[in-house]
Amino acid sequence: MKEFWNAFTNGIWKENPLLVIILGLCPTLAVSGSANDAFGMSLALAFVLIFSNIFISFIRKWVPNDLRIPLFIIVISTFVTIIDYSMNAFQPELYKNLGVFVPLIVVNCIILGRAEAYAYKNTVMNSLADGLGMSIGYMLVITFIGIVREISGNGTLTLLNHQLLYLGDSYRPALIMIMPPGAFLVMGSLFAFKKWLNARKERS
Amino acid sequence: MISNDMNLFMIFLSACIINNILLIRFIALCSFFGLSNETETALGMGMAVIFVMIMSSSVTWIFFHYFLEPFNLLFLRTTVFILVIATLVQLEEMYIRKNLPVLYRSLGIYLPLITTNCAVLAAAFLGIDYKLSFVKNVVYSLGVSCGYTLSIVLLSTLRERMRTAPIPKYFLGYPIAFFTASLMSLALLGFSHLFGL
Chain A
3 MKEFWNAFTN
13 GIWKENPLLV
23 IILGLCPTLA
33 VSGSANDAFG
43 MSLALAFVLI
53 FSNIFISFIR
63 KWVPNDLRIP
73 LFIIVISTFV
83 TIIDYSMNAF
93 QPELYKNLGV
103 FVPLIVVNCI
113 ILGRAEAYAY
123 KNTVMNSLAD
133 GLGMSIGYML
143 VITFIGIVRE
153 ISGNGTLTLL
163 NHQLLYLGDS
173 YRPALIMIMP
183 PGAFLVMGSL
193 FAFKKWLNAR
203 KERS
Chain B
4 MISNDMNLFM
14 IFLSACIINN
24 ILLIRFIALC
34 SFFGLSNETE
44 TALGMGMAVI
54 FVMIMSSSVT
64 WIFFHYFLEP
74 FNLLFLRTTV
84 FILVIATLVQ
94 LEEMYIRKNL
104 PVLYRSLGIY
114 LPLITTNCAV
124 LAAAFLGIDY
134 KLSFVKNVVY
144 SLGVSCGYTL
154 SIVLLSTLRE
164 RMRTAPIPKY
174 FLGYPIAFFT
184 ASLMSLALLG
194 FSHLFGL
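Those protein sequence lines, which keep their order, are chains A and B.
Our numbering numbers the first residue of the first sequence as 3 and each following residue consecutively.
Our numbering numbers the first residue of the second sequence as 4 and each following residue consecutively.
Rather than coming from a laboratory, the hints here were simulated on the basis of the structure.
Don't take every hint at face value.
[Stated by the list, open to error] Here are the simulated distance ranges between beta carbons:
1. B:LEU79 <-> A:PHE146: 35 to 41 Å
2. B:LEU11 <-> A:GLY115: 25 to 31 Å
3. B:ASN40 <-> A:LEU162: 46 to 52 Å
4. B:HIS196 <-> A:PHE146: 30 to 36 Å
5. A:PRO72 <-> B:PHE194: 35 to 41 Å
6. B:THR167 <-> A:THR158: 40 to 46 Å
7. B:ARG108 <-> A:GLY115: 25 to 31 Å
8. B:LEU46 <-> A:ASN67: 32 to 38 Å
9. B:ARG108 <-> A:PRO72: 53 to 59 Å
10. A:ASN67 <-> B:SER136: 27 to 33 Å
11. A:LEU45 <-> B:LEU79: 22 to 28 Å
12. B:GLN93 <-> A:LEU45: 31 to 37 Å
13. B:LEU175 <-> A:THR125: 36 to 42 Å
[As the list claims (entries may be wrong)] Below, a sample of chain B positions facing chain A; criterion: calculated Cβ distance under 10 Å:
14. PHE12
15. ALA89
16. THR183
Glycine included, C-beta positions come from ideal geometry on N, C-alpha and C.
Put together the whole structure using the sequences plus the hints.
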């Protein structure tokens, strides 16, 4: 049970996929212009990550070492196709906003990285915990970026298709924040903040 | 947006500059920041991407229109494309190593990296999403890969200059590279809506 908990919390902060291992940047920057899209993207990624982790850890004893990467890719692309088609059917608007980034989950480094570094070597339960932890870690960061960019760049905040915040007509949004340069700006500031936190922790 | 009724030059321009794959569309950022420390590496990677992307997007186009579509197997698109690209990169590596040793010495180490480069897969998907004809698809992938090379080489030259610059302690490494990319992206944004694209 302790191992399960450790594998779970590891992904959320200590080995956060975005802030610490720095993997899977492309969808993070591309779809975080609105909090709703960012959250939807993280759910799609969570689905693929958790199920591919479970499945790969389940079949790991029968997978020959030389053939593992092609097999991982087939497993991952199957789950990507499932989420691709379900999202197209049930959330067509979100699917349109995410565009090519849904099929591109298949080359997302987080998923192949976790399959190779964790699921291939650990039990099914621990891989489930790892997948959950990594997904939540990813979700927190990408949704945070989405919230910051949407509020500053558009003056609104929409989550789960509900509008939570509207800053009114007198608010003049900084349009650059929802355009491509804003994504690099927020992400760079986040990295600098993480560096500052680490340095402060070492000093004390 | 790119469509099949644009002429070849417009498709190239739009793919290369206006919808630059790295700075505007945010695809393949891992290699963008990972391999841009030195200009020589960046140039090698860029050349390898141009080479592989043109080959792979032509092959996936043929696969899609002559194999997946007639047999109604569209749901296999993602799986087939990634396997085709991975196999193709392997074959190309073997061919180059055997027949073109000079090229292999300059591109060899970058070729395996390209299998996981999402730009190659993305160009294949986008060319089909835009419903381009075969020739236009080749020009489109040439444009995308030239845009990739252009921005990764520019970033690497900037990062080489930055090594001697007085950068605040917490901004060293990734943060400053992101801020640089942000300014480059801002510059490219100036080209948007050029010729009504």
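Taking the hints in turn, this is what the structure says about them:
1. At roughly 36 Å, the beta carbons of LEU79 (chain B) and PHE146 (chain A) sit within the given window of 35 to 41 Å.
2. With their beta carbons about 39 Å apart, LEU11 (chain B) and GLY115 (chain A) fall outside the hinted range of 25 to 31 Å.
3. Checked against the given bound of 46 to 52 Å, the beta carbons of ASN40 (chain B) and LEU162 (chain A), roughly 41 Å apart, lie outside it.
4. The hinted range of 30 to 36 Å is satisfied by HIS196 (chain B) and PHE146 (chain A), whose Cβ atoms lie roughly 31 Å apart.
5. Between PRO72 (chain A) and PHE194 (chain B) the beta carbon distance is about 40 Å. The supplied range of 35 to 41 Å therefore holds.
6. One distance hint, 40 to 46 Å for the beta-carbon pair THR167 (chain B) and THR158 (chain A), holds here, with the actual separation near 43 Å.
7. ARG108 (chain B) and GLY115 (chain A) have their C-beta atoms about 30 Å apart, which keeps the hinted 25 to 31 Å range intact.
8. For LEU46 (chain B) and ASN67 (chain A), the hinted distance range of 32 to 38 Å is satisfied, since their beta carbons lie about 35 Å from each other.
9. A C-beta distance of roughly 28 Å is found between ARG108 (chain B) and PRO72 (chain A), which places it outside the suggested range of 53 to 59 Å.
10. In this structure, ASN67 (chain A) and SER136 (chain B) break the distance hint of 27 to 33 Å, their C-beta atoms being roughly 43 Å apart.
11. As the Cβ distance of LEU45 (chain A) to LEU79 (chain B) is approximately 24 Å, the hint placing it in 22 to 28 Å holds.
12. Judged by the Cβ atoms, the range 31 to 37 Å given for GLN93 (chain B) and LEU45 (chain A) holds: they are separated by roughly 34 Å.
13. Distance hint check: the CB atoms of LEU175 (chain B) and THR125 (chain A) are about 40 Å apart, consistent with the given range 36 to 42 Å.
14. Given hint, PHE12 (chain B) at the interface with chain A, is violated; its Cβ is 24 Å from that chain's nearest Cβ, farther than 10 Å.
15. Proximity of ALA89 (chain B) to chain A holds as hinted, the smallest CB-CB distance being about 7 Å (cut-off 10 Å).
16. For THR183 (chain B), the interface hint holds, since its Cβ comes within 10 Å of a Cβ in chain A; the closest pair sits about 8 Å apart.
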